[in-house]
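Participant: Keeping the supplied structure of chain Y fixed, place chain C upon it in accordance with the hints.
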Amino acid sequence: MSEQRASNDNAEAGTRIAGLVAEFPGPEALLAAAAKVRDAGYRHWDSHSPFPIHGMERAMGIRPTILPWLVLAAGGAGAAGALLLQWWTNAVDYPYLVSGKPLFSFPANIPIIFELMVLLSAFAAFGGVLALNLLPEYRHPVFSVKRFARATSDGFFISIAADDPRFDVDATRLLLESANAAAVEVCYAPAETPRFPALLKWTLAVVGLLALLPPLWIARQRQVPSDTPRLHIIQDMDFQPRYQSQGVGPFFADRRATRPPVPNAVEVGGLQTDAHFFRGQIDGQWATTLPIAVDRERMERGRERYNIYCAPCHGLAGEGDGMTHQRAVKRREPGWAQPRSLHVRNVREQPVGRLFHTITHGLNTMPGYAAQIPVADRWAIVLYVRALQRSQHAALDDVPAELRPGLLQEPSRP
Amino acid sequence: MKSNSSIELSPRQTTLEGLSPRIVPSLRIVGAAALAIGCALGLARQDGMQLFLRAYLTSYCYVIGLVLGSLLLVPLLHVSRAGWGVVVRRLAEILADHVPLMFILFLPIVLPLLWGNSSLYEWADRQAVEHDELLHHKAPYLNPAFFAIRALSYFAVWWLVARFFVDRSLEQDASGDPKLTVRMERASGPAILLLGLTVTFASFDWLMSLDPRWTSTIYGIYFYSGAVVAAVALWILAAMILQAGGWLKDVITVEHYHDLGKLLFACVVFWGYIAFSQYLLIWYANIPEETVWYRDRQTGPWLYVSLALVVGHLVMPFLGLLSREMKRNKAILGFWAAWLLVFHWIDVSWLTMPNLKREGFPVGPVELCLTASLVCFYLASVLRQAMDRPLAPVRDPRLAESLAFENF
Numbered sequence: 035m036s037e038q039r040a041s042n043d044n045a046e047a048g049t050r051i052a053g054l055v056a057e058f059p060g061p062e063a064l065l066a067a068a069a070k071v072r073d074a075g076y077r078h079w080d081s082h083s084p085f086p087i088h089g090m091e092r093a094m095g096i097r098p099t100i101l102p103w104l105v106l107a108a109g110g111a112g113a114a115g116a117l118l119l120q121w122w123t124n125a126v127d128y129p130y131l132v133s134g135k136p137l138f139s140f141p142a143n144i145p146i147i148f149e150l151m152v153l154l155s156a157f158a159a160f161g162g163v164l165a166l167n168l169l170p171e172y173r174h175p176v177f178s179v180k181r182f183a184r185a186t187s188d189g190f191f192i193s194i195a196a197d198d199p200r201f202d203v204d205a206t207r208l209l210l211e212s213a214n215a216a217a218v219e220v221c222y223a224p225a226e227t228p229r230f231p232a233l234l235k236w237t238l239a240v241v242g243l244l245a246l247l248p249p250l251w252i253a254r255q256r257q258v259p260s261d262t263p264r265l266h267i268i269q270d271m272d273f274q275p276r277y278q279s280q281g282v283g284p285f286f287a288d289r290r291a292t293r294p295p296v297p298n299a300v301e302v303g304g305l306q307t308d309a310h311f312f313r314g315q316i317d318g319q320w321a322t323t324l325p326i327a328v329d330r331e332r333m334e335r336g337r338e339r340y341n342i343y344c345a346p347c348h349g350l351a352g353e354g355d356g357m358t359h360q361r362a363v364k365r366r367e368p369g370w371a372q373p374r375s376l377h378v379r380n381v382r383e384q385p386v387g388r389l390f391h392t393i394t395h396g397l398n399t400m401p402g403y404a405a406q407i408p409v410a411d412r413w414a415i416v417l418y419v420r421a422l423q424r425s426q427h428a429a430l431d432d433v434p435a436e437l438r439p440g441l442l443q444e445p446s447r448p
Numbered sequence: 002m003k004s005n006s007s008i009e010l011s012p013r014q015t016t017l018e019g020l021s022p023r024i025v026p027s028l029r030i031v032g033a034a035a036l037a038i039g040c041a042l043g044l045a046r047q048d049g050m051q052l053f054l055r056a057y058l059t060s061y062c063y064v065i066g067l068v069l070g071s072l073l074l075v076p077l078l079h080v081s082r083a084g085w086g087v088v089v090r091r092l093a094e095i096l097a098d099h100v101p102l103m104f105i106l107f108l109p110i111v112l113p114l115l116w117g118n119s120s121l122y123e124w125a126d127r128q129a130v131e132h133d134e135l136l137h138h139k140a141p142y143l144n145p146a147f148f149a150i151r152a153l154s155y156f157a158v159w160w161l162v163a164r165f166f167v168d169r170s171l172e173q174d175a176s177g178d179p180k181l182t183v184r185m186e187r188a189s190g191p192a193i194l195l196l197g198l199t200v201t202f203a204s205f206d207w208l209m210s211l212d213p214r215w216t217s218t219i220y221g222i223y224f225y226s227g228a229v230v231a232a233v234a235l236w237i238l239a240a241m242i243l244q245a246g247g248w249l250k251d252v253i254t255v256e257h258y259h260d261l262g263k264l265l266f267a268c269v270v271f272w273g274y275i276a277f278s279q280y281l282l283i284w285y286a287n288i289p290e291e292t293v294w295y296r297d298r299q300t301g302p303w304l305y306v307s308l309a310l311v312v313g314h315l316v317m318p319f320l321g322l323l324s325r326e327m328k329r330n331k332a333i334l335g336f337w338a339a340w341l342l343v344f345h346w347i348d349v350s351w352l353t354m355p356n357l358k359r360e361g362f363p364v365g366p367v368e369l370c371l372t373a374s375l376v377c378f379y380l381a382s383v384l385r386q387a388m389d390r391p392l393a394p395v396r397d398p399r400l401a402e403s404l405a406f407e408n409f
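Here the protein sequences come in this chain order: Y and C. Note that my numbering has the first sequence beginning at 35, numbered continuously upward. Note that my numbering has the second sequence beginning at 2, numbered continuously upward.
The shape of chain Y in the complex, shown without the other chains (with noise of 0.2 Å):
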C-alpha cells in the first residue's frame, strides 16, 4: 500500500524524492519523535517548531556547537590584527616623532585593539551562524509541501533529507508514523538542481564589473600627472560667489572689486601720532629715552612678556640659548643661525629706540611681534632687556654700599 502511495505522490514528472515530511500534534509529541529518529541513526533531519523546545538538542541527539570557539579565534583574531596593524604602522613603516613621545606605547593601542576584536567576533558570530546552518540556501525542497507553512505559526514537524544513508521512503515513513505523526507527506525537488537565473547572472558580472570603474579610474589619477585642480569632493565652501580684495568686479568703473579707503582715512585706534611711543624716534632719531614709567610694575611685566615671547629663543638671561636654539642644535637643522645674544656690545650700546624698532618689525630670520605684543609691553620688555644687559655688565658702583664688603671679600678656599 505505501509503495502505491509513493507512486502515486511521485506524480509529477521531472523532480526527485527530496525527504519526508512529518507532522506532530504538540511538542512534547515532537521531542518523543526526535529521539526516536535520533535512536534510529538518522543524520540529516532536522526538527521545526514555532518556538524554541527545551530539551530539543538533548532529543536531537546535537552536539555542542563549535562557533563560540570561531568567535574566540576571530577575536583573537581581530586583537592581534589590531595590535601588529598599529605597532607596523607607527613604529615601523612611517615612524613620526610628535612631542617626543615614544613611538610605540601599549595603552594607547587598547581601544583600537578592543574595537577590532569586537567588530571581528560579531563578523565570525553572524557569518558562523549563516554558515554553520548552510545559509543562505537558494531553495530548500520542505517548501514543496503545503502544510509546512504552519512551522512558523503553529505546525511541529520533523523533515528527513534522501540523502541521508538510513533513508528509505517506506521504512522512514513507518518509523515516523510510528512516532505517532499526524501525517507524513513527501517532499520534492526538481529532479536536477534549479539552475542560477542567467538573466541575473549577467546582470550581476556587469554591474560588478561597473562598480570597478570608479576605483581603477581614481587609481588612474593617482599616478598620472596633471594639470587641471584637482577634483575637489569636499567643497567645506572653498568657492564662494564673492569677490576677493583687490581682486576684479564689474561694479565700479575703475574695476576694482573693493573701494580703496578715502585718503586721509585713519581706523580706530591708528591715529598713532606720538612717534616716540608708537615708533621709539624723537625728531627722525632712534629715541634715547624710555615713553614710559619705570618703576617694579612694568619691570615683572616686562620680564613675563620676555619669558613668555624671547625666552624661546634668546634665552631666559639673554644669552641666545633658548630652547628653540637648544633643540635645533640637538636635531642638527641644517641653515639654523644662532639667535643674537643680547649681552653683545653693538645690542648694548643700540639705542632703547631700536631695540623697540626691531621687536617691532623684526631683524633677518627675527619675526616680528607687532601682532602679538601690544605696544605698551614692547616698552616693558625694552625695559627688562635694559635690565638684564646691565646684570651682566655691571661695575662695582652698581652695588648698594652696604653690600659692595661682602663682594670685595676673596672667596674662601674649599
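Don't read these hints as lab results, they were simulated from the structure. Glycine is no exception: its CB is placed at the ideal position from the N, C-alpha and C atoms. Every clue listed holds true.
Partner residues aside, some chain Y positions facing chain C, computed with beta carbon under 8 Å:
(1) 86
(2) 88
(3) 102
(4) 141
(5) 142
(6) 144
Facilitator: Chain C alone, transformed into the frame defined by chain Y:
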C-alpha cells in the same frame, strides 16, 4: 502568568530553621574582638590615628560596597523584569537591607571630622586649606559640616530605597498581590538613578577626597562597578552556601547559576572598561595634576598591586568566566566569586591606601583586622535578617516561571 497558588515551596527550603540562633551573637563577639585588636594595633603606631582611620575607611568602603551593590541588584532585576532572578531576588534583598547598620559604622569616620580631627582628610585641616589656593577654593564643598550633611542625605536615600523594595517584597509574601510587582517595577528606574547619583557623590566624598587636589568624573562609577562585582560574587556564594546547608535545594538550579555567572562576567568586563577609560584619558593627556594619582599607584609596592588588579580583577576572571561550561560548573563559578570578593578588597585598598603607605608591604594587619571585624558585623546582621523572613519571595507571581527557568 499562571496562578501561583499551585506553587508551594516547602518551609524547610525557604526558612533558616535548624540554624543555631547563637551564631549571630558569636559573630558579633568575633567582630568586636577583631575591632579591638585593630584599634590596638593601629593606635599603637606613631601615626596611629591616621593609619587606623584610613584602614577603617578601607574596610568600611569594602562592606558598604557589598550593601550598595546588592541594593542596586534588586531594582535591576525589577527594571529588566527578570523572570529568572525571582528565586534569588530575596537573597539580594537580605544582603542589601542593612543601611542603619552601615550608618552606625559610619560614625567613626564622620565624628572625628566634626570634632576637628583632620587625620583622615587633608581638606579638614584649616591650616592646610588656608595656605592652599585649590583647597581654599573647594572649601565650600569640602568641609566637615557639609560632608556630614551630604552623608546623611545619602543614607536617607539608601534607607528609603531599601525600605521600599524590601517592604513591598515582604508584603507580597503575605498577600501574593501581583500589583506589588508592578509598583516595584515602576519605582525601579528612578531608584537606580538615585542610587547611581548618591553612590557617585558618596565615593567622591569618602574616597576621592583623600586626594583633595585630584579629580576624576568617572570615579563614582569606578567604585560602584567594582562594588557590584563584589555584590554579585557574594550573592552567588550566599546561594551556594545555603544550598550546601540544605536550603533552597530545589529552588536554585544550574540555570540560575548560569545567569548569575553571566552577570558576574558582565560586571567584571564593565569594571575593566571603566578602569581603563579612567586610565587612558589621564595617561594620554599626561597632565601632572592628573597623573599624580596614578604615580602614587605606580611607584613602590603599589605598582605590583596595580598589575595584580589588571590580571586578577580582569584578565583571569574574564577568561575564567567566558565559557558557558565554566559558568554552569558550580565549583568553578564559586571559585571565581570568592576570588573576586578578595580582589575587590584589594581594589578598595588600592583606592584608599597608596598616598598614605608609600613603602613596605601594601597590606597590613590593621586593615585585615578591621575588615574582618566589619564583615563579621555585616554577616551577623545578614543572618539575623535571614532568620526572620523567607529565603525566596514565596508568593511572587512569577515564581513558577523562575523555578522552571532554562537557558537556551
